[in-house]
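If you read the protein sequences in the order shown, they are chains L, X, C, F and E.
Per full-length UniProt numbering, residue 1 is the first one in the first sequence, and the count goes up by one each step.
Per full-length UniProt numbering, residue 1 is the first one in the second sequence, and the count goes up by one each step.
Per full-length UniProt numbering, residue 1 is the first one in the third sequence, and the count goes up by one each step.
Per full-length UniProt numbering, residue 1 is the first one in the fourth sequence, and the count goes up by one each step.
Per full-length UniProt numbering, residue 1 is the first one in the fifth sequence, and the count goes up by one each step.
You may find that some hints are simply not true.
Below are the SDA-like pairs computed for lysine to any residue, each with C-alpha atoms no more than 20 Å apart in a straight line [said to hold, decoys possible]:
1) C/Lys108 x F/Arg242
2) F/Lys108 x F/Arg291
3) L/Lys108 x X/Val264
4) X/Lys108 x C/Arg234
5) C/Lys108 x F/Glu271
6) C/Lys108 x F/Arg253
Simulated from the structure, these hints should not be mistaken for lab results.
Given the structure is predicted, the values throughout are model-derived calculations rather than measurements.
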Amino acid sequence: MEINQRWLRRLRTRIAPRTAPGTSPGTLIADPTAPPPEITVIAYGPEEVEEAQIDDPSQLREFKDRWPVLWVNVNGLGGIEAIEGIGRIFDLHPLALEDVVNTNQRPKVEEYDEHLFVVLRMPHLEDVFSTEQVGVFLGPGYVVTFQERRGDPFEPVRRRIRERRTRLLNADYLAYALIDAIIDSYFPLLERFAEQLDRLEDSIAERPAVHLLSEIREVRHDLLALRRAIWPARDMLNALIRDPMPQISAETRTYLRDCHDHAVRIIDVVETYRETGSSLTELYQSTVGHRLNENMRVLTVIATIFIPLTFIAGIYGMNFNTEVSPWNMPELNWYWGYPAAIALMAVAAGAMALNFWRRGWIGR
Amino acid sequence: MEINQRWLRRLRTRIAPRTAPGTSPGTLIADPTAPPPEITVIAYGPEEVEEAQIDDPSQLREFKDRWPVLWVNVNGLGGIEAIEGIGRIFDLHPLALEDVVNTNQRPKVEEYDEHLFVVLRMPHLEDVFSTEQVGVFLGPGYVVTFQERRGDPFEPVRRRIRERRTRLLNADYLAYALIDAIIDSYFPLLERFAEQLDRLEDSIAERPAVHLLSEIREVRHDLLALRRAIWPARDMLNALIRDPMPQISAETRTYLRDCHDHAVRIIDVVETYRETGSSLTELYQSTVGHRLNENMRVLTVIATIFIPLTFIAGIYGMNFNTEVSPWNMPELNWYWGYPAAIALMAVAAGAMALNFWRRGWIGR
Amino acid sequence: MEINQRWLRRLRTRIAPRTAPGTSPGTLIADPTAPPPEITVIAYGPEEVEEAQIDDPSQLREFKDRWPVLWVNVNGLGGIEAIEGIGRIFDLHPLALEDVVNTNQRPKVEEYDEHLFVVLRMPHLEDVFSTEQVGVFLGPGYVVTFQERRGDPFEPVRRRIRERRTRLLNADYLAYALIDAIIDSYFPLLERFAEQLDRLEDSIAERPAVHLLSEIREVRHDLLALRRAIWPARDMLNALIRDPMPQISAETRTYLRDCHDHAVRIIDVVETYRETGSSLTELYQSTVGHRLNENMRVLTVIATIFIPLTFIAGIYGMNFNTEVSPWNMPELNWYWGYPAAIALMAVAAGAMALNFWRRGWIGR
Amino acid sequence: MEINQRWLRRLRTRIAPRTAPGTSPGTLIADPTAPPPEITVIAYGPEEVEEAQIDDPSQLREFKDRWPVLWVNVNGLGGIEAIEGIGRIFDLHPLALEDVVNTNQRPKVEEYDEHLFVVLRMPHLEDVFSTEQVGVFLGPGYVVTFQERRGDPFEPVRRRIRERRTRLLNADYLAYALIDAIIDSYFPLLERFAEQLDRLEDSIAERPAVHLLSEIREVRHDLLALRRAIWPARDMLNALIRDPMPQISAETRTYLRDCHDHAVRIIDVVETYRETGSSLTELYQSTVGHRLNENMRVLTVIATIFIPLTFIAGIYGMNFNTEVSPWNMPELNWYWGYPAAIALMAVAAGAMALNFWRRGWIGR
Amino acid sequence: MEINQRWLRRLRTRIAPRTAPGTSPGTLIADPTAPPPEITVIAYGPEEVEEAQIDDPSQLREFKDRWPVLWVNVNGLGGIEAIEGIGRIFDLHPLALEDVVNTNQRPKVEEYDEHLFVVLRMPHLEDVFSTEQVGVFLGPGYVVTFQERRGDPFEPVRRRIRERRTRLLNADYLAYALIDAIIDSYFPLLERFAEQLDRLEDSIAERPAVHLLSEIREVRHDLLALRRAIWPARDMLNALIRDPMPQISAETRTYLRDCHDHAVRIIDVVETYRETGSSLTELYQSTVGHRLNENMRVLTVIATIFIPLTFIAGIYGMNFNTEVSPWNMPELNWYWGYPAAIALMAVAAGAMALNFWRRGWIGR
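Next up, chain L with everything else stripped away, as it sits in the complex (with noise of 0.2 Å):
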């Protein structure tokens, strides 16, 4: 039961924005739990990669000045500060940033006039599952990313860049290869969900253990949050593609149909494992059922045969005077009066056995 509680309260942290009702929109409020932000920039133009790792927004300006594509990334949202200078050199809007602090989002894309401003949740593949939210700008010759905490799939695309693939020179291009890359990260997640649905159906085949239900329960739901974490990301990709937004050029949208591919076979994926779940359920409902139904045919063939033999034997237990008449329990004197009551009883348990047998409850 632990685990299911864990869910609830994962949930339920998730809910609520940090800032109170009614507060003025555009209000960053750091979580004060969050780790402290680490920027790193990468930039990059035809011939040449710089790569640095800077502690003050200020010093992106001059990259943004001197370099054809610039790529900032953000791990940690634990300081306002560093969150708003980036803001204002790019020229963020104020409630973007603040969806990039209340990291609840669900996945979607806004268009600034300025920026498109990309929500997605990167699934993490540790213990309990659990998603990141990642948010993504993408502004003419630049992108910033950024995520709740260190740890991303995004090292081959730096490898890529490194390489000096000329396809990455457009900023939407990378734009794009970063998106690929977490909803691909969503693959190995699926996997590892195969595994458990698996691993639940062996368990659950061979004995259902009550924990197993509170196991399926808590896939289900993962499934659900799953779900509700790749569904957006589908319409948010159907919106780069089809929405007519200047940012995007006509050949990335080509590869973000493909990337739209990706997220409807996980969703298509995630469905099939969403019925195998209740599949599950069902499994194990019914391996109960026919347990207690075994349990139910055990009882009823050894308590029908023995009640009728037990009333027999009760029947010449009893101390009726002999003496007094010929009626009174005349058998207990016959020469064959034992041998006699037990054939009586072999034969009710026979036939009681022999119907038993036709029902096929015993013996097949």
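Using the hints provided, position chains X, C, F and E relative to the given structure of chain L.
Then chains X, C, F and E, alone, in the frame of chain L:
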């Protein structure tokens, strides 16, 4: 059970409009139990703020003429004259006023020539879940709000007015700020539901008492009511964002989009809770089923082991006359008769126990 | 069960049109059991109102020529001549008249060249839930309504005509007022359903008798029938509001929007009741399950405690000859034999009871 | 069970087209078991009607040239030459003719250059529910209908042609009349379903035999098949009304709207019956559950009362030697021993019975 | 259980693309277990047909230049060079080629500048249900198809090419013919499902063994997988019919409409089978329930009849000393004592039996 009847009664009182079928529309009939209206005015311009509590609606005319922005708030709908008075001053449509008084409206937005009319439902965080209707009129330079009774989440908005935030100089932004405050007041409610579901889950897992089922049903019903309050609110916000309404500026629309996002997130959480609600019912059923199974297993094991033993004891309790014939219960006179019978019983019991142990019914 | 059969029969009579398949459309065939038509006229202008009950439809022509607005109401559809007569005077389309006579139409609106034809279903508040078809023709300066029998919620409208409310001088507003009165007459019905569900819930919680289940089924069926009557009514109102129909003025559309709101609210409540209905079925099932469990617990506790005791008693009821050997039931001749046996039994019973107490099956 | 297998087999035969995958489309392959075609012609103008049964399709050319309106009806699809002959004369599209021969089409309308092609399914009122495919070709001045076998609801249409109703002089109105006759032929079927559901309900309430469940399943399956036949028919009618098709006049569209209304009503009733169907399954389950409960109550009451009594009797059946000690079963030698034991039993039984009575398990 | 695990494993292998998240799109990575590609060419014009099996893709260039229509078919996707070579010759888009190699695509159509790319899933009729991905490229004068392995339903199409059917001179008609062959190859699969469902139903009705439930689950899972393969195929066909694509002529669209019809019919049947699947689960549950009931009835009847009898026997097995008092078991010394006790038992048993007979638990 008591609790459930409560909601049914609550439900019923909310169904019908106060006017009889066939009455002329626009007829205002006050709820006799409603508290009398308290009219508060906050009037402000770029430089100054004036706040007042007034008794006679006609005083409002002067405020309206003198100040750039006027927010009239009415708590309590028990006095028809006051409401009609306000309606006359701001030219509010009779059908909209009728909706104000019949406090069972669904969230909606209606466009009239002079003004917008928005209906929202504000949740109450008291012992029992309920919502209060809030009617918001937005016209040129004024916002009029009608609440059923005192107590609202508007205090931060009033503070922001007193701090003379520039954006609030637009009446449409003021209306947005009020709507946003109402929507955001659903978040604490969601947390309470999370706690309630959490507590229910613990209780069921510990001991599936029958009253828990009725608690689950109440939570599920409340979630349904919550859903009915927030879904149309989302549609209303969507209409405010998309439909061309002259009363709302493009900038305010950007903020309303943020508010719409919050509503979508609330819906998301409510749907998850509804799933959790039905999974709790399922948990209850399977916990009960598990207990029944355990019951039956105990009964089966005990009965199946002892019934044959009792039969054997019954056999040797029979009174066949051993003196009449050597076939009549010779065992009774054997030297090792009793130990042999006990041994027979022990073997029978042991075989049964072994059988059950193999099936996993005992000792594992 | 009797009740349920009733609705099935009711249902069946409502299915088929009166004409045989393949018959020419527009053929009027009266229901032989329908009451004969009673024709009432209310004719009025800005100054005067004239009311009359007429026998011969041809009298209507004079009314039509003399008065600005004419409302002809027909109660009872048993006379084809009268209906055809009215049809000729107002040029009503034969297909529409056929629908008037076949009183199993769904609510709808149909536009003909000369007039609008609206079908509605009016609920009846008698013992058994049923709806009556009302056909409303709206043409220039006249409204013709056809009801299946006497009894309608139109009395307040008649009163408002007699009071010469100016708005009623438009025929379309008159039609709206009649439609509104019919829609609003669903509200008292909803309250009756609330009471019925309330009462059912109490009864189930008290004692889940099997007849309650069939009552739940009847309520659920009635709610389904209600839903089938009100959903298309909403669509019909939507069509009246949105579709460009010359017969309906913009002002009346504003009022129809209000009426549409009421229909939406009724649907909302019906859906909630339907959810309540299925949750009652669930309550019944789990209450029955709870009782079965209790049954089994009592049986298990009693059987499991007494079966081993009876076995012990059976042991010492065996008749082994104690004189043959010292191993044959020496206990019988012990000084403390009987008290020891009783003590053994008490210990066995106590151990079992303790076990059950620990599992929470007794005494808690 | 036998019945259910029947429908599965029926289902299977209906799945696949007659041609192998990869065959050239438009290839006609007759069902070898289909009856040979019978071709009937009704040709008429404003003045005269000529009816004929013909053997050779080429005779049709003359009819086509001579008469304003021609209705060719084909019963039986067993002869490819005849069908191809008709196709040549009226220039019917090969793909449409292929659909005529593969009698497992869903209702649909297809526009070809020369003609409209409508597919409908006509219900059969025989012992087992089944539908027959009817293909209707509507071209300038002719209607060609293909039926699988004899027996149709078109007799009233033929009578109306013979009576020379003027509207039937338009081929599109003739097509409407035929479609209308097919749609209306669903109504008697619905009544039969109502009766069947009615009868099932009575039987279940009386005694939930296991074969009833399989009857319910068959009804539900038939309703599903019916739904599959009528839903696309509605869409087809909708397309006929809305899509701009030159073959259909505005006036005929008004009549088709009426026909569409009928289809909607049939769907409505089918949906209600489907709900009734699942509620019957529910009724079965709960009636069975009720009986199990009753079973268990009887068992519990009898066992729980008598097991302790038998134990008491067992106690005093023990053979402890009363002469060895005064503690060994002194009750056996008491003056009132036996009556006291009986009284003890009566008290125990009475206490149990009272307990059960209080729980409402007996006597209420 | 074994079977079910199989599909989970099958499912898992199909989830993820072969490339790691973040890899550059358009990167081809062959499945190491895939068979090496076999390239077959059918090139034809109005007069001649040439067929060849080639090893080196560059040979294709010559074919392409020389023949009006070219169909290149590739069986096996184990060699990247060959696939890339074909891609270079026909200018196939890298993203499309990546989809060819990752054989877990959903059916779809994608428009590129040079060609259409259609993905379909072809069912396999082996022991276990599975689908193989077929990629179809349609460009001016050529069709390229990629299959995972040998074995396809295209033989009749090849025969029609060899017979030089004129329509096949259009590449788009050739593509249609191939798509049609794939869609039609679902029909035999449906028949196999029908047989399987049929057989399952028989088995359940005869004896609801627990392994049947897991077979039902497997069938239901396969039907779900089938549904996932055919639904998007329908959408793909719809897109081919409706979207303006220059590669497809109006005439071919008419044929594709026919193919779309087949897909809709397959979906129809799949949905019916899915309903049948869940009704089989229901049948299983209720058959099991019926057997449990029967069990309990037998147990109740036997136990309820014999328990009181055994009690009576127990009474007269008590050892009260009849000599101490006239009240101690005087029955034992009566002349008719024993026959009276037997008679009492017979009466008790008869009353019980009558009671059960009346309730319909025995003998009816």
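Each hint tested on the structure:
1. C/Lys108 x F/Arg242: Holds. C/Lys108 to F/Arg242 sits at ~17 Å (cutoff 20 Å).
2. F/Lys108 x F/Arg291: Violated - the C-alpha atoms of F/Arg291 and F/Lys108 are around 49 Å apart, more than 20 Å.
3. L/Lys108 x X/Val264: Judged against 20 Å, a Cα distance of about 11 Å means the pair holds.
4. X/Lys108 x C/Arg234: The hint holds at about 16 Å.
5. C/Lys108 x F/Glu271: holds, 19 Å
6. C/Lys108 x F/Arg253: Status holds; Cα separation ~17 Å.
Hint violations for this structure: number 2 only, all remaining hints satisfied.
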